[in-house]
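Visitor: Going down the list, the protein sequences come from chains A and B.
Residues in the first sequence are numbered consecutively from 1, following this note's numbering.
Residues in the second sequence are numbered consecutively from 358, following this note's numbering.
No wet-lab data here; the hints were simulated from the structure.
Be careful, since some hints might not be right.
Straight line, CA to CA, 35 Å or less: simulated DSBU-like cross-link-like pairs of lysine-lysine [claimed, not checked]: (1) K124(A) <-> K75(A); (2) K87(A) <-> K532(B); (3) K586(B) <-> K229(A); (4) K152(A) <-> K225(A); (5) K271(A) <-> K388(B).
Residue strings, one per chain:
Protein chains: 2
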Amino acid sequence: MHKKLFIPGPVEVREDVLQKMATPMIGHRSKDASALQRRISDNLRKLFYTKNEILLSTTSGSGLMEGAIRCCTAKRAAVFSVGAFGKRWYEMAISNNVEADLFEIEMGQAIDPAEVDKALSTGKYDLVAVTHNETSTGIMNPIDEIGEVVKKYPEVVFIVDTVSSAAGTKIEVDKCGIDVCITSSQKALGLPPGLAVCTFSQKAKERAEKVPNRGYYLDLLQLYKYIQKKDYQYPSTPSLSHMFALDYQLDNIINKEGLENRFARHLEMAKIVRAWAKKYFDIFPDENHLSNTLTTIANTRNIDVGALNKSLGERGFQLSNGYGGLKDKTFRIAHMADCTVEDVNELLRNIEDILGL
Amino acid sequence: MHKKLFIPGPVEVREDVLQKMATPMIGHRSKDASALQRRISDNLRKLFYTKNEILLSTTSGSGLMEGAIRCCTAKRAAVFSVGAFGKRWYEMAISNNVEADLFEIEMGQAIDPAEVDKALSTGKYDLVAVTHNETSTGIMNPIDEIGEVVKKYPEVVFIVDTVSSAAGTKIEVDKCGIDVCITSSQKALGLPPGLAVCTFSQKAKERAEKVPNRGYYLDLLQLYKYIQKKDYQYPSTPSLSHMFALDYQLDNIINKEGLENRFARHLEMAKIVRAWAKKYFDIFPDENHLSNTLTTIANTRNIDVGALNKSLGERGFQLSNGYGGLKDKTFRIAHMADCTVEDVNELLRNIEDILGL
Chain A
1 MHKKLFIPGP VEVREDVLQK MATPMIGHRS KDASALQRRI SDNLRKLFYT KNEILLSTTS
61 GSGLMEGAIR CCTAKRAAVF SVGAFGKRWY EMAISNNVEA DLFEIEMGQA IDPAEVDKAL
121 STGKYDLVAV THNETSTGIM NPIDEIGEVV KKYPEVVFIV DTVSSAAGTK IEVDKCGIDV
181 CITSSQKALG LPPGLAVCTF SQKAKERAEK VPNRGYYLDL LQLYKYIQKK DYQYPSTPSL
241 SHMFALDYQL DNIINKEGLE NRFARHLEMA KIVRAWAKKY FDIFPDENHL SNTLTTIANT
301 RNIDVGALNK SLGERGFQLS NGYGGLKDKT FRIAHMADCT VEDVNELLRN IEDILGL
Chain B
358 MHKKLFIPGP VEVREDVLQK MATPMIGHRS KDASALQRRI SDNLRKLFYT KNEILLSTTS
418 GSGLMEGAIR CCTAKRAAVF SVGAFGKRWY EMAISNNVEA DLFEIEMGQA IDPAEVDKAL
478 STGKYDLVAV THNETSTGIM NPIDEIGEVV KKYPEVVFIV DTVSSAAGTK IEVDKCGIDV
538 CITSSQKALG LPPGLAVCTF SQKAKERAEK VPNRGYYLDL LQLYKYIQKK DYQYPSTPSL
598 SHMFALDYQL DNIINKEGLE NRFARHLEMA KIVRAWAKKY FDIFPDENHL SNTLTTIANT
658 RNIDVGALNK SLGERGFQLS NGYGGLKDKT FRIAHMADCT VEDVNELLRN IEDILGL
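Just chain A, with the same shape it has in the complex:
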């Protein structure tokens, strides 16, 4: 039996979007391929509220995250981490010989923009990396405020992992001053995993030009150059299936729903899950910085999360246990992509029924 996914990616994908994954192939050096990538880029610019170029990468989000921190750090990167995915930025830097410092914030807390200011004021850093939405803890960091801080330091490139938030909440890239804003297909964009996208500012481009040894496949500058020189094409052979599905999803689903409506629906689902969590359990992270796409619930009743998920599985649902050290202490309900208020309510009623709440 298929399980409806309430895990923070892969998400449940609409049947019509899945069908676009089965589109017959075209040549990746054809005019049709260029038109496809250009259409996707134009729609993603709207989604990200940006005039910057859009890069596509046939990787998971991690591929573009690594590309960004490697290609855009000439001096030293300041990585602000509020959980597992923040730490991943740092591992990516270190494994590529990129100088970096890790600023770890207590699990369940958000980044304090004043701490970013303090770090950048040392003059040691020319890049700052943050996670917008941390799926391990359910925190959504205040990137608008962090962006205001970063703007004080013209030398600093601002890169943001919005993998689990973009298309589920408003991210105004140009207003925030984000130079590289990364997301991937299998979260609030509502596609299968296998494609990552990012915005790429002129400042990020100029920085990359000064960084030697950017590698090949994850070189953001190479991706950019192919768009410029080959009219929106990709250096190697891209995942055309994901591009067909993304094109359809942006044009026929997301734009038709309307961005503001989409964000409002995500917030509505989040509010339902938060209220439910408060009623029966508790919310794990700082309630001033809650994620709109996923809720991490403190397991105050000490339920057997594995057993709950097994019972849910028999009814055709799946949620997530806590991540890493938070396993069994928390559990997570993702409410993103094309999931509806009715879907969320159906899940919650089933949990209540199983647990006898």
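On the provided structure of chain A, position chain B as indicated by the hints.
Guide: Just chain B, lined up with the frame of chain A:
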């Protein structure tokens, strides 16, 4: 109108295989995901005639090529190039600060194993990289003989790009002594682009353990460790759609046809195209080392290749012009994956008709 693809990737994909790309999502940390990756790996081991581990990467073939040359060179790489894709190995090395020398063979010629012997006998190299099937020229290099040479040097890791040949011709990885044998989904495997796979020997693993700064997303050792520790899982979220399709393709199409039958069909298609090329044009590369999956035809009649392809397009077919500097001087017909003898004959009859041959 859909064009039937006779280009060297993406290839024409069977309708039932395309439909598997539309499979609903499952959690990538589930037992079902482990079972899926394990089944794919077992079938790929048969395809590659190897006992070695199989790594999957959500990238094009270039991603794993870069990972291999970066992770497995501790001292210096010898790259033997017979065309555009051979040179790409070298660019990948250089862009990652990996010491490498490029041995360029004249376009249209194959690698002479004696030249490999001469290079390795200097003791300068601990890795040799070759392209098995060079789609720019239509050459298939004698990897069996090169493998025999490499075996004389126990320190040397042997990595081979079989992107456009694996699943279309027999490649006996263990017999050849190949440490990392790479291919990708959109060639003779007959899937859409977006997934790369490779074999990974114990020797390659031990080498990678000695190489620092292997990066993150393209780190072959990281891929290997996840298979070991997480029971055939992937470090980030893989392209499950491609995995569903590859699983089906290996189990229901390739194994049912039979490997030997599949290779024989590819050879038969190649012989038809070669004979046709000799009759009306000429074959571009050295006829002692012809590719079984693609034929590069010398444009001895000085036809307008672009115009031919346009006319073919109106009839629902597409072939490839020559690559890079060989554009218009050659054109290319790929005959791989699930393309049949009837498909090839249909294409050739249409070319004859258009050109009035």
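Visitor: Look at each hint and say if it fits the structure.
Guide: Hint check:
no. : hint                : in the structure
1   : K124(A) <-> K75(A)  : holds (8 Å)
2   : K87(A) <-> K532(B)  : violated (42 Å)
3   : K586(B) <-> K229(A) : violated (43 Å)
4   : K152(A) <-> K225(A) : holds (29 Å)
5   : K271(A) <-> K388(B) : holds (32 Å)
The structure shown violates the earlier hints numbered 2, 3.
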